[in-house]
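Novice: From just these sequences and the hints, can you work out the full model?
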Amino acid sequence: MPDPCAMGCIGDTFDIDQNNEMAGPMQMVMPMLFGPEGKMSGYVATTDKMMVMTMSKNSALLESVLNSAKSGKGLATNALVQQTAERLPADRVMDAYVGVKSVMDMAQGAMAMFGAPAEFKVPAEIAPIGMSASMNKGGIHYRMHVPTDVIKS
Numbered sequence: 000m001p002d003p004c005a006m007g008c009i010g011d012t013f014d015i016d017q018n019n020e021m022a023g024p025m026q027m028v029m030p031m032l033f034g035p036e037g038k039m040s041g042y043v044a045t046t047d048k049m050m051v052m053t054m055s056k057n058s059a060l061l062e063s064v065l066n067s068a069k070s071g072k073g074l075a076t077n078a079l080v081q082q083t084a085e086r087l088p089a090d091r092v093m094d095a096y097v098g099v100k101s102v103m104d105m106a107q108g109a110m111a112m113f114g115a116p117a118e119f120k121v122p123a124e125i126a127p128i129g130m131s132a133s134m135n136k137g138g139i140h141y142r143m144h145v146p147t148d149v150i151k152s
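Numbering-wise, the sequence shown is residues 0 to 152 according to numbering that gives the first Met the number 0.
Take every hint as true, because none was put in to throw you off.
Here are the computed lysine-lysine pairs in the DSS-like style, where the Cα-Cα straight-line distance is at most 27 Å:
1. Lys-72 to Lys-48
2. Lys-100 to Lys-151
3. Lys-38 to Lys-56
4. Lys-56 to Lys-69
5. Lys-120 to Lys-151
6. Lys-48 to Lys-69
7. Lys-56 to Lys-100
Computed spacing ranges between beta-carbons, pair by pair:
8. Pro-35 to Glu-62: 21 to 31 Å
9. Gly-137 to Met-110: 42 to 52 Å
10. Met-39 to Ala-132: 14 to 24 Å
11. Ala-111 to Pro-24: 22 to 32 Å
12. Glu-118 to Ser-70: 38 to 48 Å
13. Ala-111 to Asn-135: 39 to 49 Å
It should be emphasised that the hints constitute simulated quantities derived from the structure, not laboratory data.
Source: prediction; values computed, not measured.
Backbone N, C-alpha and C fix where the C-beta goes; we use that ideal spot for every residue, glycine too.
Specialist: See the structure below:
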């Protein structure tokens, strides 16, 4: 595989306004999301039909995502992703999904590590939250769908 950064790399920090009342919480969250430095990192690449982006500088992951995008056998074939995608606009130019099950698994593990065992059961399957954007007449329409099973969980 060629150098992933030749296709495009993400590597930047957010400038947090220290006068903002949410500056402290943001400074605590950024390292949890993006590593000790709090820097976003990942790769951006294109296929003949789409752009793909990873939030990890993992070239094997990028290669897997590109192969899935080219073959048409990626996340779009997953039944739970399809369930969420059906509720997003058909003419979208961007969509993103958040796998809630993995977030719940991580939270449950973190709670146990800090001595507060989780009082909830993570379902075996749970549909992802879906977000999309469509563009029309110089404007952008953003939609987010939170499936019922996410709300119940």
